[in-house]
Amino acid sequence: AQSVTQPDIHITVSEGASLELRCNYSYGATPYLFWYVQSPGQGLQLLLKYFSGDTLVQGIKGFEAEFKRSQSSFNLRKPSVHWSDAAEYFCAVAANTNAGKSTFGDGTTLTVKP
Amino acid sequence: EAGVAQSPRYKIIEKRQSVAFWCNPISGHATLYWYQQILGQGPKLLIQFQNNGVVDDSQLPKDRFSAERLKGVDSTLKIQPAKLEDSAVYLCASSPRLAGGIYNEQFFGPGTRLTVL
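In order, the protein sequence lines correspond to chains A and B. The working numbering numbers the first residue of the first sequence as 1 and each following residue consecutively. The working numbering numbers the first residue of the second sequence as 1 and each following residue consecutively.
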């Protein structure tokens, strides 16, 4: 069965500092990987996705993530955090089949200090 | 393009009452998902439809939860009777099918926050 672990429940960074959110997955083959962001009272918005090809994926709002097969990781990064990035971030893995079931991690809450 | 619509946005009920949530996916999206998101956790898939057929309902508590997507468009999720532990946000998402049937991202609605007292 597939699973996702986000080791950090809560992270606080200063505005302008760099950010890395960790995601580890378990899946028997090459998965589809996603990062979503959820602001309070809102649904989830896709930041970026990895299906195949280049292991460094660029997303919206200046985010990027790197797929490392050897480490079963898909960490999210941003070089300079803005106050508006404060939100909850979810990593998800989906089976690489046509009707692939998605499994989400429990999220990391990001707080941005002024 | 209009997003995924859900209603109501908030619902408060007593335990043992019934409740229904409605979802209208993005036009043309073949796949529709219902998730349950308990506070402090990630979304958990309850049921996945492909057009009006069920693809996966392995985590749906079928003794009290039911869902339908009769015409392959909008969908209803029902809980009857509700329990305290059903308090959560219920998210609906939809996904298009690309040419060649490649799996794609999900587009989420704003969710329905259910409180069971």
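Keep in mind the hints are simulated off the structure, nothing from the lab. We put the beta carbon where it would ideally sit given N, CA and C, even for glycine. Careful: at least some of the hints might be erroneous.
Unchecked claim - Some but not every residue of chain B turned toward chain A, in silico, with C-beta under 10 Å:
| no. | residue |
| --- | --- |
| 1 | A2 |
| 2 | V4 |
| 3 | P8 |
| 4 | R9 |
| 5 | Q41 |
| 6 | L45 |
| 7 | D56 |
| 8 | S58 |
| 9 | P61 |
| 10 | R64 |
| 11 | F65 |
| 12 | E105 |
| 13 | F107 |
Against the structure, the hints:
1. A2: The hint is violated - A2/B has no Cβ within 10 Å of chain A, the shortest such distance being about 14 Å.
2. V4: At about 7 Å, which falls below the 10 Å cut-off, the nearest Cβ of chain A leaves the hint on V4/B intact, so it holds.
3. P8: With a minimum Cβ separation of about 14 Å from chain A (threshold 10 Å), the hint on P8/B is violated.
4. R9: Holds - the Cβ of R9/B comes within 10 Å of chain A, reaching about 9 Å at its closest.
5. Q41: This hint holds: Q41/B lies near chain A, its Cβ roughly 5 Å from the closest one there, short of 10 Å.
6. L45: holds, 6 Å
7. D56: holds, 6 Å
8. S58: Because about 9 Å separates S58/B from the closest Cβ in chain A, which is inside the 10 Å limit, the hint holds.
9. P61: Result: violated, 17 Å to nearest chain A Cβ.
10. R64: The hint is violated - R64/B has no Cβ within 10 Å of chain A, the shortest such distance being about 22 Å.
11. F65: Check failed: Cβ of F65/B comes no nearer than 17 Å to chain A, outside 10 Å.
12. E105: Since the shortest Cβ distance to chain A is 5 Å, the answer is holds.
13. F107: Since chain A brings a Cβ to about 8 Å from F107/B, closer than 10 Å, the hint holds.
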